[in-house]
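Given chain A, put chain B in place with the hints provided.
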Amino acid sequence: MIDLGRQMRDFVVVAILAILIATCAFVVVRNTELTSHQIALADRAIDTIHDSRAPSAHAVVVGPATASRKHPFLRKRQVFDRGIWRPLTDKQLYDMATRYERQGEIAELTADGRGLVVRCIDQPGLPSSRSCTSIAIAITEPAKPAPYPFLVLIGVLGLGAAIAAAGALIGRAGRAGMFAAIAVLAVPTMLWHAWIAASAILLLGGAVALAQRVALTDRIAAALVKNRTALSFLAPAAIAMFVLVATPFFIGIVLGFYDHHAGRWSFVGLSNFTEILSGSGRALDDPLNFWFILGVTVLWTIANVALHVTIGVSLALALSRKWIFGRGIFRMLFILPWAIPNYITALMWKGMFDEQYGAMNLMLHKAGFSGASWFHHWATSFGANVATNTWLGFPFMMVVALGALETIPKELYEAADVDGASAWQRFRHITLPHLRPALGPAVALGSIWTFNMFNVIYLVSAGKPNNSTNILVTDAYRWAFERNESYGMAAAYGTIIFLILLLWTVFGTRIVRSKEDA
Amino acid sequence: MKRRPRLLTMVATYAALIVLVCVVLYPVLLVCKKAFEPGRTLSTSISPVPATFTGQHFVDLFTSSSRGELTFLRHTLNSVVAALATTVVGVVLSCTAAYALSRFRFPGRKLGLTTFLVVQMFPATLLLLPLYVVLDRLGLLNSLVGLVLVYSTTAIPFCVWTLKGYFDTLPRELEEAARIDGASQWMVFRRIILPLARPGLSVTALFSFMTAWNEFIMASTFMTDESKYTLPVLIQSSVGRFTQDWGFFAAGAVVTSIPVMIAFYVLQKYLVGGLTAGAVKG
Numbered sequence: 280m281i282d283l284g285r286q287m288r289d290f291v292v293v294a295i296l297a298i299l300i301a302t303c304a305f306v307v308v309r310n311t312e313l314t315s316h317q318i319a320l321a322d323r324a325i326d327t328i329h330d331s332r333a334p335s336a337h338a339v340v341v342g343p344a345t346a347s348r349k350h351p352f353l354r355k356r357q358v359f360d361r362g363i364w365r366p367l368t369d370k371q372l373y374d375m376a377t378r379y380e381r382q383g384e385i386a387e388l389t390a391d392g393r394g395l396v397v398r399c400i401d402q403p404g405l406p407s408s409r410s411c412t413s414i415a416i417a418i419t420e421p422a423k424p425a426p427y428p429f430l431v432l433i434g435v436l437g438l439g440a441a442i443a444a445a446g447a448l449i450g451r452a453g454r455a456g457m458f459a460a461i462a463v464l465a466v467p468t469m470l471w472h473a474w475i476a477a478s479a480i481l482l483l484g485g486a487v488a489l490a491q492r493v494a495l496t497d498r499i500a501a502a503l504v505k506n507r508t509a510l511s512f513l514a515p516a517a518i519a520m521f522v523l524v525a526t527p528f529f530i531g532i533v534l535g536f537y538d539h540h541a542g543r544w545s546f547v548g549l550s551n552f553t554e555i556l557s558g559s560g561r562a563l564d565d566p567l568n569f570w571f572i573l574g575v576t577v578l579w580t581i582a583n584v585a586l587h588v589t590i591g592v593s594l595a596l597a598l599s600r601k602w603i604f605g606r607g608i609f610r611m612l613f614i615l616p617w618a619i620p621n622y623i624t625a626l627m628w629k630g631m632f633d634e635q636y637g638a639m640n641l642m643l644h645k646a647g648f649s650g651a652s653w654f655h656h657w658a659t660s661f662g663a664n665v666a667t668n669t670w671l672g673f674p675f676m677m678v679v680a681l682g683a684l685e686t687i688p689k690e691l692y693e694a695a696d697v698d699g700a701s702a703w704q705r706f707r708h709i710t711l712p713h714l715r716p717a718l719g720p721a722v723a724l725g726s727i728w729t730f731n732m733f734n735v736i737y738l739v740s741a742g743k744p745n746n747s748t749n750i751l752v753t754d755a756y757r758w759a760f761e762r763n764e765s766y767g768m769a770a771a772y773g774t775i776i777f778l779i780l781l782l783w784t785v786f787g788t789r790i791v792r793s794k795e796d797a
Numbered sequence: 005m006k007r008r009p010r011l012l013t014m015v016a017t018y019a020a021l022i023v024l025v026c027v028v029l030y031p032v033l034l035v036c037k038k039a040f041e042p043g044r045t046l047s048t049s050i051s052p053v054p055a056t057f058t059g060q061h062f063v064d065l066f067t068s069s070s071r072g073e074l075t076f077l078r079h080t081l082n083s084v085v086a087a088l089a090t091t092v093v094g095v096v097l098s099c100t101a102a103y104a105l106s107r108f109r110f111p112g113r114k115l116g117l118t119t120f121l122v123v124q125m126f127p128a129t130l131l132l133l134p135l136y137v138v139l140d141r142l143g144l145l146n147s148l149v150g151l152v153l154v155y156s157t158t159a160i161p162f163c164v165w166t167l168k169g170y171f172d173t174l175p176r177e178l179e180e181a182a183r184i185d186g187a188s189q190w191m192v193f194r195r196i197i198l199p200l201a202r203p204g205l206s207v208t209a210l211f212s213f214m215t216a217w218n219e220f221i222m223a224s225t226f227m228t229d230e231s232k233y234t235l236p237v238l239i240q241s242s243v244g245r246f247t248q249d250w251g252f253f254a255a256g257a258v259v260t261s262i263p264v265m266i267a268f269y270v271l272q273k274y275l276v277g278g279l280t281a282g283a284v285k286g
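From first to last, the protein sequence lines stand for chains A and B. Sequential numbering of the first sequence, starting at 280, is according to the numbering used here. Sequential numbering of the second sequence, starting at 5, is according to the numbering used here.
In isolation and in its complexed conformation, chain A is listed as follows (with noise of 0.2 angstroms):
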């Protein structure tokens, strides 16, 4: 038998959920009716352009951008409105009719909330003052949303309420009331057609019965209640990160199953996901498919890692010499790469490597060599970058080693001096053994940074020669902002990339620890 108040509790507690569930349904459902609803009034508009009275949205045609005669670097517009052609001067049209040449039809509401939707289609066939194809643009009135249902929520909420508590009070149907109380919080979605919403404030639902069956949530409600002082000094923040990392990480594997296409989504399944790891059907030399950028990514990762490593381990041991004089100043002189901000350091390396001034490229004729053109081969390029993030990276490992070496007792040296072993032995039996536990997550640390560091990539090679150079952060980076915003390739890309890091740590770091177990 399940008492009244725990039923109202749990009622309340899943009834703001559900609610929840039910105002986003009820936020896409409304934008895309109005969306279009909009698009037919703009298309409307755009389809009568030539009446000059345009009822209920401003259509014109724009023509193709000429360069200036006064100032050639300017381009300008015609734009044929309410009949006559005129030079266009609205930067909201010329902006629209730039995009357009770039990524093909329009058809959106714009993100400013006023309501307004943008539809571009080309129109060949109109009176232009050039003979080249004009873009007709046509940005409807802004259009008044429907209203939130307050008064359908609150009655659907008194008659939830009232069905949990019945089935509290008849006794023996207490699951069966709060399963029926929150079905009744699905109906309004229903009648939206909101489908993937009421089927999953209908699971709700189910669980919260089941629950309650085992007695569930009757732990739960005890357990906040006991740990209620740590729960409320931990909430400020993951309450932010639920906001800020989980949600936006959700909408991004979500994302990955869209398509999206001149400002609109359509669902795809997991053609995204094919499509990246089948290759999109290119060779495996083509920088554009998924194994090639991989296994540019892993050499990437695995020839930066062993550089900082050994780099930074050998200037630990040498730093470490008690006899080196001004040892002090070496170690601030080699942190140096680490203080500078590493987009400052990767574009003073991608000077360094410019083709016609570049130091290295001025230095090689000096030695009486010809310069190379950095970016233009796969080898030099990619050199390049590993050069810079060499650079920038070693300082870590040397620090983390100089802690770690500090740490071994002298008595160890002494022991092995004693006992006769050679340099090779004291390095191989005390050094090594002592520098492995901190090595080891520096390793795993610099591993992942390495896998994702996208400014160096992204600031010196820029991905030359041909997109060749690019890692996968860049290269999904690359999809979303300079491949017609394919957002939905971009989010499946990034999918990928977390689950690949997810392995990494999961089981890399395993690997890295269970050798310094040994």
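These are computed hints drawn from the structure, not numbers from a lab. Incorrect hints may have been included.
[Claimed, not checked] List time: in silico DSS-like cross-link candidates among lysine-lysine, alpha-carbon distance up to 27 angstroms:
{"id": "1", "chain 1": "A", "residue 1": "Lys370", "chain 2": "A", "residue 2": "Lys355"}
{"id": "2", "chain 1": "A", "residue 1": "Lys601", "chain 2": "B", "residue 2": "Lys273"}
{"id": "3", "chain 1": "A", "residue 1": "Lys629", "chain 2": "B", "residue 2": "Lys114"}
{"id": "4", "chain 1": "A", "residue 1": "Lys629", "chain 2": "A", "residue 2": "Lys743"}
{"id": "5", "chain 1": "B", "residue 1": "Lys232", "chain 2": "A", "residue 2": "Lys505"}
{"id": "6", "chain 1": "A", "residue 1": "Lys689", "chain 2": "B", "residue 2": "Lys273"}
{"id": "7", "chain 1": "A", "residue 1": "Lys645", "chain 2": "B", "residue 2": "Lys37"}
{"id": "8", "chain 1": "A", "residue 1": "Lys645", "chain 2": "A", "residue 2": "Lys629"}
{"id": "9", "chain 1": "B", "residue 1": "Lys37", "chain 2": "A", "residue 2": "Lys355"}
{"id": "10", "chain 1": "A", "residue 1": "Lys370", "chain 2": "B", "residue 2": "Lys232"}
[What the hints assert, rightly or not] Residues from chain A that keep clear of chain B, each with C-beta distances beyond 10 angstroms, as calculated:
{"id": "11", "residue": "Trp364"}
{"id": "12", "residue": "Leu367"}
{"id": "13", "residue": "Pro424"}
{"id": "14", "residue": "Phe429"}
{"id": "15", "residue": "Ala459"}
{"id": "16", "residue": "Ala486"}
{"id": "17", "residue": "Asp497"}
{"id": "18", "residue": "Thr526"}
{"id": "19", "residue": "Glu554"}
{"id": "20", "residue": "Ala582"}
{"id": "21", "residue": "Pro616"}
{"id": "22", "residue": "Gly662"}
{"id": "23", "residue": "Pro688"}
{"id": "24", "residue": "Arg707"}
{"id": "25", "residue": "Arg762"}
{"id": "26", "residue": "Ile776"}
By construction, the Cβ of each residue, glycine as well, lies at the ideal position given by its N, Cα and C atoms.
Structure of chain B alone, referenced to chain A:
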């Protein structure tokens, strides 16, 4: 009992160290040289000392203006506001959580610690696209508010971990005594822990300030309107696709890096401790 190293070893070690110091210093010196050398193109000599000195690049940097506004000061202001706000949001939201994770035992604590660690380790670039789509919908592109929200995604877990590490080092006796005297948990936190933790709080705050100050790709993606650029975006755009002004770049790089470099040198011993402590315990 110290063994004298062989002469050859000494010479070889010093030679290697000095060569490496040159490799480390040379690119930096080239930038400093360019900052004081006339001309917009890269230098045509490999010497790290400029042939002729000029302060013109710095004058250009501080007096460059667009629409009657001093652009460099504008961008500096953007950077300062974004970094300061991120720091405040990060430290304020995370200090209580860090305390809870350090002192209380409750179900889900392990999970919480791992989550914060993983989020801190994983790059923010993974969230770049979804954040872009969401901020676009909310109309928060080209706005410092949006940028601060984006930066908080990394600042909060970072602050939680570093502060938790610091709280772990504080003795518990004072708190226990205060609890016995009848202080509430919140009183203990506010009156005892926060004052005690001031050094840890300032180090954490400085690090999150530096991270936000040095951030490039998020700012460059979210702030497309030139007046909203932060310093990294401005500096990158000076040698970007459309303009190549290495003198401006060098002067800007010197001016923006020097404060963070000083801070870095002062704080570096805390940084290594914090990073590896998190990785070892997690």
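Outcome of the hint check:
1. At most 27 angstroms may separate the alpha-carbon atoms for a hinted pair to count; Lys370(A) and Lys355(A) meet this at roughly 11 angstroms.
2. Proposed proximity of Lys601(A) and Lys273(B) is supported: the alpha carbons are some 20 angstroms apart, at most 27 angstroms.
3. Between Lys629(A) and Lys114(B), the direct Cα distance comes to roughly 44 angstroms. Violation of the 27 angstroms bound is thereby established for this hinted pair.
4. Pair hint Lys629(A) plus Lys743(A) holds up; C-alpha atoms about 12 angstroms apart against a cutoff of 27 angstroms.
5. About 48 angstroms separates the Cα atoms of Lys232(B) and Lys505(A), which puts this hinted pair outside 27 angstroms; it is violated.
6. For a cut-off of 27 angstroms, the pair hint linking Lys689(A) to Lys273(B) stands: about 23 angstroms separates their Cα positions.
7. Pair hint Lys645(A) plus Lys37(B) holds up; C-alpha atoms about 19 angstroms apart against a cutoff of 27 angstroms.
8. Proposed proximity of Lys645(A) and Lys629(A) is supported: the alpha carbons are some 20 angstroms apart, at most 27 angstroms.
9. For the given pair, Lys37(B) sits about 42 angstroms from Lys355(A) by alpha-carbon distance, which is inconsistent with the 27 angstroms threshold.
10. For a cut-off of 27 angstroms, the pair hint linking Lys370(A) to Lys232(B) stands: about 19 angstroms separates their Cα positions.
11. Here Trp364(A) stays apart from chain B, with its beta-carbon at least about 31 angstroms from theirs, past the 10 angstroms limit.
12. Leu367(A), annotated as away from the interface, keeps every beta carbon of chain B farther than 10 angstroms; the closest lies near 21 angstroms.
13. Look at Pro424(A): its CB is around 15 angstroms from the nearest CB on chain B, clear of 10 angstroms, so calling it non-interface holds up.
14. Consistency note on Phe429(A): stated as away from chain B, and its beta-carbon is indeed over 10 angstroms from all of that chain's, at 23 angstroms minimum.
15. Residue placement check: Ala459(A) keeps its beta carbon more than 10 angstroms from all beta carbons of chain B (closest about 32 angstroms).
16. The claim that Ala486(A) is not at the interface with chain B holds, since no C-beta of that chain comes within 10 angstroms of its own (minimum 19 angstroms).
17. Distance check on Asp497(A): its Cβ is at least 15 angstroms (rounded) from any Cβ of chain B, clearing the 10 angstroms threshold; non-interface status holds.
18. For Thr526(A), the non-interface assignment is contradicted: its Cβ lies about 8 angstroms from the closest Cβ of chain B, within the 10 angstroms cut-off.
19. Every CB of chain B is more than 10 angstroms from the CB of Glu554(A) (nearest about 17 angstroms), matching its label as outside the interface.
20. Distance check on Ala582(A): its Cβ is at least 17 angstroms (rounded) from any Cβ of chain B, clearing the 10 angstroms threshold; non-interface status holds.
21. Some Cβ of chain B comes within 10 angstroms of the Cβ of Pro616(A); the nearest lies about 6 angstroms off, and the non-interface call is violated.
22. Separation of Gly662(A) from chain B is adequate, the least Cβ-Cβ distance of about 15 angstroms exceeding the 10 angstroms criterion.
23. The Cβ of Pro688(A) sits about 15 angstroms from the closest Cβ of chain B, beyond the 10 angstroms cut-off, so the non-interface label holds.
24. Every C-beta of chain B lies more than 10 angstroms from that of Arg707(A), the closest at about 18 angstroms, which supports listing it as non-interface.
25. Once the 10 angstroms rule is applied to beta carbons, Arg762(A) is consistent with being away from chain B; the minimum gap is 13 angstroms.
26. Non-interface call for Ile776(A) relative to chain B: violated, since the shortest CB-CB distance, roughly 6 angstroms, does not exceed 10 angstroms.
Hint check: violations occur at hints 3, 5, 9, 18, 21, 26; the rest are consistent with the structure.
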